[in-house]
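Asker: Could you put the whole structure together from the sequences, leaning on the hints where they help?
In terms of my numbering, the sequence shown opens at residue 2 and continues consecutively.
The set of hints was computed from the structure by calculation and includes no laboratory data.
Incorrect hints may have been included.
Unchecked claim - Under the rule of at most 25 Å between Cα atoms (straight-line distance), these lysine-lysine pairs were calculated in the BS3-like manner:
hint, residue 1, residue 2
1, K639, K678
2, K639, K564
3, K639, K566
4, K639, K677
5, K566, K362
6, K678, K642
7, K642, K682
8, K634, K566
9, K634, K682
10, K634, K564
11, K639, K682
12, K634, K677
13, K678, K634
14, K564, K362
15, K677, K642
Said to hold, decoys possible - Here are the in silico distance ranges between beta carbons for each label pair:
hint, residue 1, residue 2, range
16, T306, S497, 54 to 62 Å
17, D389, T590, 20 to 28 Å
18, R137, G30, 16 to 24 Å
19, N563, S180, 57 to 65 Å
20, G198, S41, 31 to 39 Å
21, S559, T177, 41 to 49 Å
22, G30, S497, 25 to 33 Å
23, S440, S41, 35 to 43 Å
24, S575, T152, 37 to 45 Å
25, P557, T656, 37 to 45 Å
26, N65, S575, 32 to 40 Å
27, S180, Y434, 42 to 50 Å
28, S535, S440, 15 to 23 Å
29, D389, S41, 17 to 25 Å
Where a beta carbon is used, it is the ideal one built from N, C-alpha and C, also for glycine.
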Amino acid sequence: MKTVQLLFLFILLSSISISQNYNSTQTIGTSSPYQFADGSAITLLENTSADTLSAPQTIPFTFNFYGVPVSQYLASDNGYITFDTGSTVSDPANVSIPDTNGPNNAIYAFWDDMELTLTGTDDEVRSFTYGTAPKRVHVIQWYSVTPFGQTSYLYAAIRLYECGDFDIVHNYATATGVSGTVGCEDATGAHGTQITGSPSLPFSALGSDPSDDEVYSFYWDQIQYDLSVSSSGFNDFVSVGSNNVTGSLINTGSLDITSFDLHYTVDAGPAQTMPVSTSVAANGGNYNFSHSIPWNVAAGGATHTLCIWADNLNGNADERNCNDTFCEDLFANNGISGTRTILLEEFTGSWCGYCPDGALKLDNLIANYPGNVVGVSIHNGDGMTFSDGIQTGFNVTSYPSGMINRTLVSGQAKEPFTRSLWEAEVTDQIGSYTPVDVSLTSTYNITNRELNITVSADFVDFASGDLRFVAMLVEDSVTGTGSGYDQVNYYSSGHSSGGVGGSGHPNYNDPTPIIGYVHNHVLRAVPGGAFGNSGVISSPVMPGTSVSESFTINVPTSINENKIKVIGFVAYYSTEIGSRSILDVAEVTPTSFVGIDESTNNRFLNLFPNPATDFVEVLITDDNFLETSCSMKDMTGKIIKEEQLLNNRWMIDLTDMSAGLYLISCTSESGTIITKKLIVK
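Answerer: So, in structure tokens, the structure goes:
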């Protein structure tokens, strides 16, 4: 009898064990720090023959799959990974899962017959890791892979989380009519979870913008209680006075949570605790919280560490502690703001058929929000290409796209994002907090084409971090000949689409390409680099501090000096996405003047008196100046007065002249020129 009871108990426990599986949920959109074109990725497979597995790849942290620790995987060109490192076959024939025939012990990002071709962007399977322990994420990315029999492509990924669980991301596709299997399966092939529609789940028509990414999250149902803080409501700083501690929680356990305790500490001080009674759904449910006890900040100018966590989940302990606590460093300020102007950096090219619409949207924003929006167009792949680090530094991969004050917009994976969202972000940032007001002066020497720029920052509040000045030279009304300047126009009625924007689009009646297209806001120079010089602005900055930096540019003769503008701003410097925002920006047209260098032979040109008030006498003592013409110019080069001299003398009436610096220039019959400065008081 005892033997029968033990056998029954063994069968019962085995049944419980093998019934455990992954649950899944679907959400839309990915955000930083993940991006499918991560520059740190290494290549696992590329341009291989069909149906190939990678060499074994090591996961940089301990990862449990179906409750079993795994340390290595093989990546298949056919859209999946397997933790069975002894596998030798990359199976192209996807089926419904679970299936004992394999591939087993696997995660299927999009299992289908795929190829890695050399057509267009090289097809690759890549991997990279982001984050810091114990919250690292290891990514396996199918990058521009080609479904069998097609020339179009798709992007998909698997993200393994150090703290447990994983998700599958469908990023981007031009491929149509393709379907596959999405899900996971254990080592025996007896248990698995597949997304509804598999093995014929269509890969959606997705754009390159991360806001439409499809994310399938998989949670191991062995863990019942797991509640973690995913974000706070602060944005790098906190103001003096009373502050509500807000943020979001996510339930990655398998049971609904109806009660818990929410805590926060500041600088490892006493915990502030709030009991919460609410329902947070299992397997990915979210809850936005506002703590009942405010955080009172006594003074500005210091950095504080805020930590938030939850426990006592339905009266039980959290079963996974590595993701419990959210901590961030926040700089305290007085909450006094300057007036924030917006910089929109547009990425464009004459070859880009959608880019005329980007130019229209930029110009409309400048017109609709006068004095609040400054624009610059950064070209790539055409006759106006600017390659001084901005495009690579911000990993620009789509055109047209743009950055609003170089901020990371919610739901985006990087700072550049689609033009359809520009106006919403502009209106959101106009009037937002900034601790500094930026001003700008610029002078241009017509004689030697030297442009001087001074960017100034007047801080009205405390500020902290690596703050830097950036200056830009832009040119309007740029035209040229050939494909480097003629603008491709998909909105034209003459385009094969008949005009992608319909007959109401402003470019509908324009041809494609648009010959002689006028390009405005064209970036021509960034004298201090795209991210500025270090060490100019000390940190932290006290309210009332004023700092400036000057730059000099020798303007090439290929640039129309009459169409130039100068932009200056203060921005944070960082190598991290989302930490490089612009605090304020200014734009001016340079003040032009003639160079005031006097000629070396000006001892023969006498001005009396100098400085002068009512009159000045010009006297030339060089006998070679027989028939002499002289002029008086202001610092813009404009001729104010001129005279053909008799006896090499000229009496100039100054009673109608404004005070300032002028230039007297005299030319002999033989062409010799002598010049001297005149100061009018």
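Asker: Compare the structure with each hint and give your call.
Answerer: Each hint tested on the structure:
Restraint check for K639 and K678: satisfied, since their Cα atoms lie roughly 15 Å apart, inside the 25 Å limit. Between K639 and K564 the CA atoms are separated by roughly 18 Å; this keeps the pair inside 25 Å, and the hint holds. A C-alpha spacing of about 20 Å is found between K639 and K566, which places the hinted pair at or below 25 Å, so the restraint holds. Proposed proximity of K639 and K677 is supported: the alpha carbons are some 16 Å apart, at most 25 Å.
Only pairs whose Cα atoms come within 25 Å are accepted, and K566 paired with K362 is accepted, the gap being roughly 20 Å. Pair hint K678 plus K642 holds up; C-alpha atoms about 15 Å apart against a cutoff of 25 Å. Pair hint K642 plus K682 holds up; C-alpha atoms about 17 Å apart against a cutoff of 25 Å. For the proposed pair K634 and K566, the alpha carbon gap of about 24 Å is at most 25 Å, so the pair holds.
With a C-alpha separation of about 16 Å, the suggested pair K634 and K682 falls inside the 25 Å cut-off, and the hint holds. Only pairs whose Cα atoms come within 25 Å are accepted, and K634 paired with K564 is accepted, the gap being roughly 22 Å. Only pairs whose Cα atoms come within 25 Å are accepted, and K639 paired with K682 is accepted, the gap being roughly 19 Å. Restraint check for K634 and K677: satisfied, since their Cα atoms lie roughly 11 Å apart, inside the 25 Å limit.
Using a Cα cut-off of 25 Å, the hinted pair K678 and K634 holds, with the two alpha carbons roughly 10 Å apart. Note on K564 and K362: the hinted pairing holds, with a Cα-Cα distance of about 21 Å set against a maximum of 25 Å. Between the alpha carbons of K677 and K642 the distance comes to roughly 15 Å, so the proposed pair stays at or under 25 Å and holds. Judged by the Cβ atoms, the range 54 to 62 Å given for T306 and S497 holds: they are separated by roughly 58 Å.
A hinted range of 20 to 28 Å for the beta carbons of D389 and T590 is consistent with their spacing of about 22 Å. Roughly 21 Å separates the CB atoms of R137 and G30, a value that falls within the hinted 16 to 24 Å. Between N563 and S180 the beta carbon distance is about 59 Å. The supplied range of 57 to 65 Å therefore holds. In this structure, G198 and S41 meet the distance hint of 31 to 39 Å, their C-beta atoms being roughly 33 Å apart.
For the pair S559 and T177, the supplied restraint of 41 to 49 Å holds, since their beta-carbon distance comes to about 44 Å. At about 32 Å, the beta-carbon gap between G30 and S497 stays in the expected band of 25 to 33 Å. Remark: the range hint 35 to 43 Å for S440 to S41 is upheld by a beta-carbon distance near 38 Å. Between S575 and T152 the beta carbons are some 39 Å apart, a value that agrees with the proposed interval 37 to 45 Å.
Between P557 and T656, the C-beta spacing of about 42 Å keeps the proposed range 37 to 45 Å intact. Between N65 and S575 the C-beta distance comes to about 34 Å, which sits within the given range of 32 to 40 Å. Our hint of 42 to 50 Å for S180 and Y434 holds, since their Cβ atoms are close to 48 Å apart. Between S535 and S440 the Cβ separation comes to about 22 Å, which falls inside the hinted range of 15 to 23 Å.
A hinted range of 17 to 25 Å holds for the C-beta pair D389 and S41, which are about 22 Å apart.
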